[in-house]
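If you're matching them up, the sequences are chains A and B in order.
Take the first sequence: its letters are residues 0 to 335, numbered as in numbering that gives the first Met the number 0.
Take the second sequence: its letters are residues 0 to 334, numbered as in numbering that gives the first Met the number 0.
No wet-lab data here; the hints were simulated from the structure.
Each hint should be verified, as a subset may be incorrect.
[As the list claims (entries may be wrong)] Result set (DSS-like, lysine-lysine): computed pairs, CA atoms no more than 27 Å apart in a straight line:
1. A/K136 - A/K88
2. A/K140 - A/K163
3. B/K216 - B/K188
4. B/K139 - B/K159
5. B/K25 - B/K188
6. A/K212 - B/K281
7. A/K258 - B/K280
8. B/K53 - B/K85
9. A/K266 - B/K280
10. B/K85 - B/K25
11. B/K159 - B/K142
12. B/K280 - A/K212
13. A/K258 - B/K281
14. A/K151 - A/K140
15. B/K53 - B/K216
16. B/K102 - B/K85
17. A/K266 - B/K281
18. B/K188 - B/K139
Model, not experiment: these values are computed from the prediction.
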Amino acid sequence: MSTEISQHELMQETHNGRLLRVEGLRTYFKTMDGIVKAVDGVSFDMPEGSSLGIVGESGCGKSVTSLSIMRLVERPGWIAGGRIWFHDKDLLHLPEEQMRQIRGDDISMVFQEPMTSLNPVYTLGDQVAEVVRVHRKVSRKEAMNRAIELFKLVGIPSPERRIKDYPHNMSGGMRQRVMIAMALANDPDLLILDEPTTALDVTIQAQILELVKDLQQRVNTAVMLITHDLGVVTEMSDRIIVMYAGRVVEDGDVLSVLKDPLHPYTKGLLASIPSLGKKNQRLNVIAGAVPNPLRMPQGCKFAPRCPYVMDVCRNEEPELLTQGEHGERKVRCWLY
Amino acid sequence: MTIESEAIQQHSDANGNLLLDVRDLKTYYPILGGVLRRRVGWVKAVDGVSFSIKSGETLGMVGESGCGKSTIGRTVVRLVDATGGKVMFEGRDILSLRGQELKRMRRNMQIIFQDPYASLNPRMPVGDIIGEGLMVHGMKSRKEREERVQYYLEVVGLRKEYVRRYPHEFSGGQRQRIGIARALALRPKLVVCDEPVSALDVSIQSQVLNLLSDLQKEFGLTYLFIAHDLSVVEYISDRVVVMYLGKVAEVADSERLYANPKHPYTQALLSAIPIPDPTVKKQRIVLHGDVPSPINPPSGCRFRTRCWLAQSICAEQEPQLRQVESGHWAACHFA
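Given the sequences, and given the hints that come with them, work out the whole structure.
What follows is the structure, given as structure tokens:
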């Protein structure tokens, strides 16, 4: 555990326009069969007001990373190591009371399931107003007015009437708008969206994505978008992180990563998506399946499925290294 | 028979033999209410849909939640009872079949479900899951059944030693392969694939899609492929039916549909797909509002409440599905 002193030492160098810095984050889960290292040494930075997309398939650790940032990992899981700097605070060493003040205020989160994230027995207005009142000393009336304002912001029609509705009165897309309104209630510096459109139909997804893009420009919030859909990241984010088996395998700006992916996993992932107009070409397949988290391969975690595998890959795990002159891109692969 | 189904009928007859011919199909679900649980209304999940599938063809069916696509799939294989219309399989109306006749017909039509976790009985070993249909349909010899099961396990890319394992020992992609083996074991002619890859990760999804197209070639299968993901449907289908709120909005060859969509709904649907290519800059059509309730659909054209082209005629008159180009059908006054 770190001491006050080391926190102050690191404070100086971390806080220069950076909003968030995750360093060597490790989040483990205890299971009957052993310890699952869901997130194992994840590091990345986010500048203020930036947009980052984290992609990967089920079990790659992308959601656990975001839950760790919010310190919402529950038993049998725990954060086994690393640091999470937010502004000049090390979130992992804050007392729970202070962390609670940050959640929903400086950092807020929208979850995948708009059906289960709202309380069915309170009105939508009450739920949004509660978020405001927990963090601000305002009257009920003022909080309700703020709720109406937020409903307008996220494009819910006739907000004065809608705040009196219950979650079951709203469609999935509308509920997700309410969740976003709630997340924006206290003008957060960082908004985490965990698969915000996965449960929605494609035309409703388009509405929500447009809304988030628009909000990002209007309220200067940094957005971390977690998704399995490379198409969504392409539209929403400036920077992309690709995760595989609890690790970051590639990190760079969206344009160059998608045009010229470096890591064999990113390459395979892009080629295995059927895209419109590429009919009758056989889909590329990444052979095999994601390794069992209890029996991870010794070297590179992608080695058993990698078409470019070399001897070194099986024995030693590569590090996430900077590529190119500008230091903009990082990849975890022995090929580079 | 309505004009539209007649027209489709003629169109399809000209192009080889039909395996499945659905005419003016209606499937309504009752809404029960009050103390006596009497019927107080209908959910018109499928409301007058006609289409046909040629032998060896893959017909894709796309649409959003509640458009009726899954209900169609289930009605066709007689898992759900139709309210009206006809489902002709090899020229016989299967909606009127009962008892033994229905049972005999069922082995010609199998279905693959979306959720590989919910569609396999966790208490049954894989061999029994795949072999159950064989037993029901008269293959009494255990040895014979086992051989057939092992054969199909290998066909779908699993090891034949897996017969004694239970579903929990498999990953999502492997379970979906078991579901496919179960559907194939009866050597059906038509396989209804109801969102077979929606629950799978991208890299596994492509494995299963490739498998499905290999199997089609190998066994001469005909697919009704239902999905909400347009890129997947385009990839696998010869022709595509676009559904909206219980009705057919557009039918065309998949290349043509994606290159030149005629119905405004199809245009919006296509433009809404996020594409993982940062060099593509496209004009997105964002539809307003949600899909209306199928209990009380809008008058006239069902899409008019969200359509940017809507005029007064759209509220008054329901557009018929008509041929706008050779082999390209759309139900829109302005197509």
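How the hints compare with the structure:
For the suggested pair A/K136 and A/K88, the alpha carbons sit about 24 Å apart, so the restraint of at most 27 Å is met. At most 27 Å may separate the alpha-carbon atoms for a hinted pair to count; A/K140 and A/K163 meet this at roughly 14 Å. For the suggested pair B/K216 and B/K188, the alpha carbons sit about 12 Å apart, so the restraint of at most 27 Å is met. Our distance criterion of 27 Å between C-alpha atoms is met by B/K139 and B/K159, whose separation comes to about 20 Å.
A threshold of 27 Å between alpha carbons decides the hint, and for B/K25 with B/K188 the separation of about 24 Å falls inside it, so the pair holds. Distance hint between A/K212 and B/K281 is fulfilled; the C-alpha atoms sit about 15 Å from each other, no more than 27 Å. For the suggested pair A/K258 and B/K280, the alpha carbons sit about 14 Å apart, so the restraint of at most 27 Å is met. Using a Cα cut-off of 27 Å, the hinted pair B/K53 and B/K85 holds, with the two alpha carbons roughly 17 Å apart.
For the hint linking A/K266 to B/K280, the alpha-carbon distance of about 22 Å falls within 27 Å, and the restraint holds. Between B/K85 and B/K25 the alpha-carbon distance is near 9 Å, which keeps this suggested pair within the 27 Å criterion. For the given pair, B/K159 sits about 14 Å from B/K142 by alpha-carbon distance, which is consistent with the 27 Å threshold. At roughly 15 Å between alpha-carbon atoms, B/K280 and A/K212 fall within 27 Å of each other, so this suggested pair holds.
Between A/K258 and B/K281, the direct Cα distance comes to roughly 17 Å. Compliance with the 27 Å bound is thereby established for this hinted pair. Restraint check: the Cα-Cα separation between A/K151 and A/K140 comes to about 17 Å, which is no more than 27 Å; the hinted pair holds. Restraint check for B/K53 and B/K216: the C-alpha separation of about 15 Å stays at or below 27 Å, so the hint holds. Among the hinted pairs, B/K102 with B/K85 is consistent with the structure: their alpha-carbon atoms are about 18 Å apart, no more than 27 Å.
Taking the CA atoms of A/K266 and B/K281, the gap is near 24 Å; set against the 27 Å cutoff, the hint holds. Distance check on the hinted pair: B/K188 and B/K139 sit about 22 Å apart at the alpha-carbon level, within 27 Å; holds.
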